[in-house]
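Those protein sequence lines, which keep their order, are chains A and B.
Under the working numbering, the first sequence has 238 at position 238, and the numbering climbs by one with no breaks.
Under the working numbering, the second sequence has 160 at position 160, and the numbering climbs by one with no breaks.
Treat each hint with caution, since some may be false.
In silico BS3-like pairs for lysine-lysine, Cα to Cα no more than 30 Å straight-line [to be verified]:
1. A:239 with B:43
2. B:43 with A:163
3. A:45 with A:86
4. A:86 with A:239
If you only want the chain A side, here are some residues facing chain B, beta carbon under 10 Å, derived [claimed, not checked]:
5. 142
6. 145
7. 187
8. 320
Derived by calculation from the structure, the hints in this document are not laboratory data.
For each residue, glycine too, the CB sits at the ideal point set by N, CA and C.
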Amino acid sequence: MNVHQSLTTAQPIAPLPSISLASDASDAMIRFEGVSKVYPAYRDKPSVHALQAIDFAIARGSITGVIGRSGAGKSSLVRLINGLEKPSTGRVVVDGREISALAGRELRLAQRSIGMIFQHFNLLSSRTAADNIALPLEIAGWSRADIAVRVEELLALVGIADKSDRYPSELSGGQKQRIGIARALATRPNVLLSDEATSALDPQTTRAILDLLANINRELGVTIVLITHEMSVVRQLAKEVAVIDGGHVVERGRVADIFTHPRHPVTQAFLSEAIGDSVPVSLASRLSPQPVAGGKAVLRVQVRGTEAGDTVVARVSRELSHDVALLSARIDEIGGQHVGSLILGIPGGEAAAKQALAYLSQHDILVERLGYVA
Amino acid sequence: MSRELINLIVQATGQSLFMVSVAALVATILGLPLGIFLATSRKGELFAAPPANGILGVIVNAARSTPFIILVVAIIPFTRLIAGTSIGSGAAIVPLTIAATPFIARLVEAAIREVDAGLIETASSFGASPLQIVFKVLIPEALPGLVLALTLAVVSLLGYSAMVGAVGGGGLGDLGIRYGYQRFMPEMMLAVVVVLIALVQTVQTAGDYLARRVNRRLRNR
Numbered sequence: 001m002n003v004h005q006s007l008t009t010a011q012p013i014a015p016l017p018s019i020s021l022a023s024d025a026s027d028a029m030i031r032f033e034g035v036s037k038v039y040p041a042y043r044d045k046p047s048v049h050a051l052q053a054i055d056f057a058i059a060r061g062s063i064t065g066v067i068g069r070s071g072a073g074k075s076s077l078v079r080l081i082n083g084l085e086k087p088s089t090g091r092v093v094v095d096g097r098e099i100s101a102l103a104g105r106e107l108r109l110a111q112r113s114i115g116m117i118f119q120h121f122n123l124l125s126s127r128t129a130a131d132n133i134a135l136p137l138e139i140a141g142w143s144r145a146d147i148a149v150r151v152e153e154l155l156a157l158v159g160i161a162d163k164s165d166r167y168p169s170e171l172s173g174g175q176k177q178r179i180g181i182a183r184a185l186a187t188r189p190n191v192l193l194s195d196e197a198t199s200a201l202d203p204q205t206t207r208a209i210l211d212l213l214a215n216i217n218r219e220l221g222v223t224i225v226l227i228t229h230e231m232s233v234v235r236q237l238a239k240e241v242a243v244i245d246g247g248h249v250v251e252r253g254r255v256a257d258i259f260t261h262p263r264h265p266v267t268q269a270f271l272s273e274a275i276g277d278s279v280p281v282s283l284a285s286r287l288s289p290q291p292v293a294g295g296k297a298v299l300r301v302q303v304r305g306t307e308a309g310d311t312v313v314a315r316v317s318r319e320l321s322h323d324v325a326l327l328s329a330r331i332d333e334i335g336g337q338h339v340g341s342l343i344l345g346i347p348g349g350e351a352a353a354k355q356a357l358a359y360l361s362q363h364d365i366l367v368e369r370l371g372y373v374a
Numbered sequence: 001m002s003r004e005l006i007n008l009i010v011q012a013t014g015q016s017l018f019m020v021s022v023a024a025l026v027a028t029i030l031g032l033p034l035g036i037f038l039a040t041s042r043k044g045e046l047f048a049a050p051p052a053n054g055i056l057g058v059i060v061n062a063a064r065s066t067p068f069i070i071l072v073v074a075i076i077p078f079t080r081l082i083a084g085t086s087i088g089s090g091a092a093i094v095p096l097t098i099a100a101t102p103f104i105a106r107l108v109e110a111a112i113r114e115v116d117a118g119l120i121e122t123a124s125s126f127g128a129s130p131l132q133i134v135f136k137v138l139i140p141e142a143l144p145g146l147v148l149a150l151t152l153a154v155v156s157l158l159g160y161s162a163m164v165g166a167v168g169g170g171g172l173g174d175l176g177i178r179y180g181y182q183r184f185m186p187e188m189m190l191a192v193v194v195v196l197i198a199l200v201q202t203v204q205t206a207g208d209y210l211a212r213r214v215n216r217r218l219r220n221r
C-alpha cells in the first residue's frame, strides 16, 4: 500500500469528518477521496449531481453495504470503483491503484481484479453456464486448458457443477446468479461488487445467495461491496454500512451502530421498514387522539441495544403499580444488537401515562405517545 | 415445354444464383462491420463517433432511398470501372452489392441494438476491449437476428436480381420479361415465377431453421 501517497494527497472537499471504515489507511481496499460525479446537461435534461463530496474507505476483506433509495447515487458509486465511470472530481483508489486515473489497456488489466454481479445477472444467452464463466478468462487471454480447470473449480465453488452445460434460459434466478458470481470470481479478483444482486430473487433464494457471498468472503478473503435498497440484505451480510442519499454519504459506520442509533431520517426510514415497527392495522384503527374513559394510553417504546427491551414492561409496571399491557412487539437482532419497538397500553388515566413517559425518558429510552384505546 | 426452354430456365437460374450469392457475400462482408459501427458509434457508445455515425447514416439512407433500377443505370461508369464491362451477370453483381450493403447494414444495426446494453457493461467490467465485446458478446448474442437479417437480404436480392435484366444482366427476371412478356409465352412466365417462389421458400426455410438453431433464448418455453 502506498501510505505515503495517501497521507500527502490533498483532499479538496471533505465535509464529513474523515472517519474511515478501515482502521487505518493501509487497511483500505477502496478509498474515495473527494469524489463527485456530475452528469452534464444533455439536450433537454439538466445536469445531475449524482455524487458529491464522497470521502470514505472500505476495509480490505470487509463486507460493506451501500444502501440508498433508487436515484440516490449507489450505481454511480459502484461504477466508479471498477472504472466503468470516471469521477468528475477527486480520486478513487482500489488496492493501492488510482483506478480513476487509468485508461485503455491499463484500466482493463485493473478491472480483472474487480468482479461484479448484477441484478439481472447479465449472462450471455448464447453461452452455457460453463462458457459464461469462461468469458472473463477468455478476455484475459487464458489458455483453453487453464480455463477448463478453473471453470470446474468455480462451478463447484458456487454449487452448480451439474448445470455446466445448461443455457441461462434453462436455469432459475438463483442458479443464474450463482453463474454470475462464479464468473465475477473467475479471474481471482480481490474485490467483488454486487449491484442489487438479490433484488430480483425471492426471499429464500436471496438468503442462499447471501450465504454464498458470506462464504466467499470468509474463504477467499474477497472484499465485498453490496449496493442495495434492501435493509434486510445489509443486515444479513454486511458488517459496515454507508447510507447514501441525494448523492451524499449521510451516515456510515458499523451496521450494529448505525442501525441501533440511526441519526439520518433516511436511515431511520430504512430501519423501520426492516424491523416493521409500524402500528398493527387492527390497533391503528382503534386509536383515538383523545383519552378514552377507562381505557389505556398507547406508547411506543423504541428498543435499541442489547438489554434495553428485555425488562421494560416489568419495570414500567412496577413503577406505576399497574399491569402494563403489551399490545404489539417486534424485536430483531442487527449486528448482535436488539433493535425494534414495543407498543404498550398504560391503564390508569392521564396521570399514569405522564408518569410512564417521564420514567422512560429518565432512563434514556425513546418513547412516544401514539394515542388512546378503549 | 421444349428441352431448349428448360435449358434456358436452368441457365437463368444459375445466373440468378451466381449474382445473388456473390452480391450477398460481398454485401455481408461490407455491411456487417458497417452495421456494427452504426449500432455502436452514437454518443456514449462503444466506438462513440457521433459525426461519423451521422455521415454514414445519411449515406446509407441515400443509397436505400434510390430506386434500384435508377441505381443500376446511374452507376454504370462505376460498374465498368470495377467489372470491366457494364453488361452481363458479372457486371450486375456491382449494383446488387451496392444496393444490398446499406440494407444489410441497417438490418445488422437493428439486430445488434437488440442486445441488452447490460451485457456490454458486464463485459466492460471484466476489462474486455471494444473488439472483444463485438466478437464475444455482440455478434454471438445477436446471431439469431443476424441470420434472419441475412435471410431477408438474400430474398430481397433475388427480387432485385430480376431487374438487372434491364442492363443485360441475365437471370430469371430477364428470362421472364423477354420470353414470358415480350414473346408472349405465359408458360415461360409461370415457370420463372414458380422457380423464384421455390428459391425464396428454400432460402427463408433454411434461414428460419438456422436462426432457431442458434437461438438459446427461447428454449424450454
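Which of the listed hints are not met by the structure?
1, 2, 5, 6 and 8
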